[in-house]
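For chain X, the structure is supplied; the task is to place chains L and V on it using the hints.
Chains as they are written, first to last, in the numbering used here: chain X, -2 to 309; chain L, 1379 to 1703; chain V, 71 to 323.
Simulated from the structure, these hints should not be mistaken for lab results.
For glycine and all other residues, C-beta sits at the position ideal for the given N, C-alpha and C.
Take these hints with a grain of salt, some might be off.
Unchecked claim - With a cut-off of at most 25 Å between alpha-carbon atoms, the simulated BS3-like pairs for lysine-lysine come out as follows:
id: 1; chain 1: X; residue 1: 122; chain 2: L; residue 2: 1463
id: 2; chain 1: L; residue 1: 1397; chain 2: X; residue 2: 122
id: 3; chain 1: L; residue 1: 1385; chain 2: L; residue 2: 1457
id: 4; chain 1: L; residue 1: 1457; chain 2: X; residue 2: 123
id: 5; chain 1: X; residue 1: 2; chain 2: L; residue 2: 1526
As the list claims (entries may be wrong) - Covered stretches of chain X (chain L as the covering partner; in silico rule of three or more C-beta atoms under 8 Å from a C-beta of chain L):
id: 6; stretch: 211 to 219
id: 7; stretch: 288 to 294
What the hints assert, rightly or not - Beyond 12 Å from chain X on every Cβ pair, some chain V residues (computed):
id: 8; residue: 161
id: 9; residue: 162
id: 10; residue: 207
id: 11; residue: 209
id: 12; residue: 215
id: 13; residue: 216
id: 14; residue: 220
id: 15; residue: 222
id: 16; residue: 238
id: 17; residue: 251
id: 18; residue: 303
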Amino acid sequence: MTFFKFLIYRIVGIFVTVVTIIAFLFLLLRSIPGDPARLLAGFDATPEVIEQIRMKYGLNKPLHEQLITYFLNVIRLDLGISIRTDTPVVSEVLSRLPNTLTLSFASLAIAVTIGLPLGAIAAVKKDSFVDLIATALVTLGTAIPTFWLGLMLILFFSVYLRVLPAGGTGTPTHIVLPAVTLSLPVMAPIIKTSRYATLEILSQDFVKLAKAKGLSNGVVLFKHVLRNTLIPVVTVVGLQLGNLMRGAVITETVFAWPGVGKLVVDAIFARDYPMVQGAIFILALLYASINFLVDLTYVVIDPRTRVGGGQS
Amino acid sequence: MSLLQVKDLTASYVIGRHKVRVLDEVTFDLKPSEKMAVVGESGSGKSSLALILARLNNKALIVERGEVLYKGLNLLNLKESELTKFRGVDIAVILQNPSTALNPLYPIGDQISEALRAHGYSRNEAFREALKLLERVGLSEPAKAYRKYPHQLSGGQKQRVAIAIAIALKPKLLIADEPTSALDVSTQAQIIALLKKLVEEDGTSMIFITHDIGVAYDISDKILVMFNGNVVEVGLTKEVVKKPLHPYTKHLISSAILNPAENRLLEVTPENTRSNNGLKNKLVVGCPYVFRCPYKVEGLCNVSKPGNFLIDGRIVSCHLYGGRK
Amino acid sequence: MSLIADLLPLSNPLVGDLSKTLRPPEPNHVLGTDELGRDLLSRIVYGTRVSLTIAFIGATLGCVIGVMLGLISGYFGGVTDFMVMRVVDALLSIPSILIAIALVALTGPGVINMIVALAVGLTPTYVRLVRGVVMQTKNLEFVIAARLLGLSSVRILTKHILPNISYVIVAQYTLDLGVSILFAAGLGFLGLGVQPPTPELGSIIGSGKAYMSIAPHVIIYPGIVLAVLVAGFNLLGNALRDVLDPTSKVMYE
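For reference, chain X alone in the conformation it holds in the complex:
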């Protein structure tokens, strides 16, 4: 498949995803037993308010018309008005988005910069102390609940040692604990994959040949092994995005980090439906876009996805 075809394919894919999400959110809203206007207005709303909401959201119109209106609104990025704050949902969610992005990318960066080399070293020095640490981190990282890890870190670094803030934002130190917390569950599969892939690649003929050319050990590892390891690691990062998002929602709540995840949890408790809906929409969109970015990195790393018309 040529790069151009691949690009088109992925963009269409994102478009389909977005349409699916919109339809999903709409149908979910309509599949609830009872009157959606009542839900939107809140359980203790007066009949007048409910009627007003019904008019405002066009809930008195036929279903397919509502779906079309809903689609058009979403495309115009009109995700409704927050019940709790009476501000447009879009601006609220977008103002929180940078925080979520910062946290997610910081964690991902930690996970990759530690996980990739650690897995690779563990493979090169199989059964060594480093390998043991790597295996331990994999076991812990996949088993320890994110929220609990967060709380334990707070307990140790904020309550006991008092060296790092327990929550909120402001200084650069504020991001340390949440980013570390969120990185562990993502790091574990990265270490595992990096280790396994490196083991595989080390036994490959092209590594033998690279050695036979008289290249130094370092060049063999960095140029020939590591870049090949990167391919399955990128795949795993892609697969971990859902995990990352779940972690983000939880981590933001634990550390009172003002991102979209915390927003959505707060909105649920406040029964702020437009806000929940809007936040889910933006998060899903984010998920699809990052997936797309992940696919693009393949193209950078692996020439086989880049150049078409090859043999064998």
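Relative to the frame of chain X, chains L and V by itself:
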């Protein structure tokens, strides 16, 4: 004077508590510019030999005894870091499968020039030399080929690139581990002709591993026949093929003439594989070939291992030529 | 051990002594008490049972639905396959946490929502897994032979195809139990899962969080239990995959 002397080389695969002997006191020597073919079926230890000579054997393949003397220097005693200055310059290798021997992520030109760069060439010199090499191995439009990735080339083209890498620094010794067995028949002939031409031009010594005695006949001056980790016969190619002495060599040559396909069939026959693995321990006692030998003498071949006998300038390891030892 | 919780000499996990709140571990209460004076050990034991039950039901539903859809999709192909795979793609395009949040937001927090979200989130893996194998297997000779003998589709699927892939499913299922426990605990922690006073490991930690600087034991112990449970399922799942998968390779070369 010998370029390479191998003495009593004995090696085993060690997997957990299991140990399988793959080379048993392999001894031979190789003169400068000499082309030697190592012939044997799969499991005979010929590929393990190639890997050990290039010191590319993985951790499970352990050398137990013996020496590999390159210009008098034992390669087995060198550290990995000391090996880098020999590799490419003195000893180069060509691996069996060209599809896995090239890194899929880099243009082939880079993979040639990096060998040159590792041994003192500047970026520009390496680039120019790589283009010449691409031309020498018969790839058209070298400048264009330089930028191609392995997946854009055919198997034969990839093997040409691998040859270019191997001869880049005009090594003294080239170890080719079944370089054509992954290719189709018509490509095989071309690659063999190319390889022969190049090593003769450069005066390179070559150890050519193959299971195909026909190929060995085409390319080599000298032949070394291996069976089950043992060298059973060594001699000049023409003489060995004209008048094989060891029963196994006879079998190889007769089957190659009567039925060229049988050599290859031998490799996959489950019975052979079983005899190679299951009976290994018994074989230490008697002749390695005793279970398949039509000339075996009970009470001799199955009890004692034959020594190496010098017959007409040839080394043969068989009781037929030495009597009781 | 949690299975026989009722038989153990534990105090009622729902009844607390308000004069003894947030006590550290002591002889009467081996792991101490929580913010309402309830015995922590008892809450953890019962909580583990709740966590396990949710994970078990969620993972089983996901597995059964996924395997069935995968079999149908792979065996019949064509339009059926197309439809099933589009639904699977759609589900995969939305992280299951968002599905869970959407469900909880609209119908209120609770166990049922969590189980549904879990099942929905886990289904696609099995569909893809099973569909792939079925598509490979269905044209093998023994399956064709079975078809020629006039066996019904259902019988061919369950007797001849399913056993071939059972090991992958068993391993995946075991790993999913661990994932499910974490997922349920995460929602419980956020207050979107099991509702008080029912004990569940995540929600015990969630409600103990406010008191963690004065009574860290309330969050430490349930967390350890969670981690051990999940690690157990993960190790078991990995071991099963290594043992049962005939293609998993032993490093020779």
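Please flag the earlier hints that this structure goes against, numbers listed from lowest up. 7, 8, 9, 17 and 18
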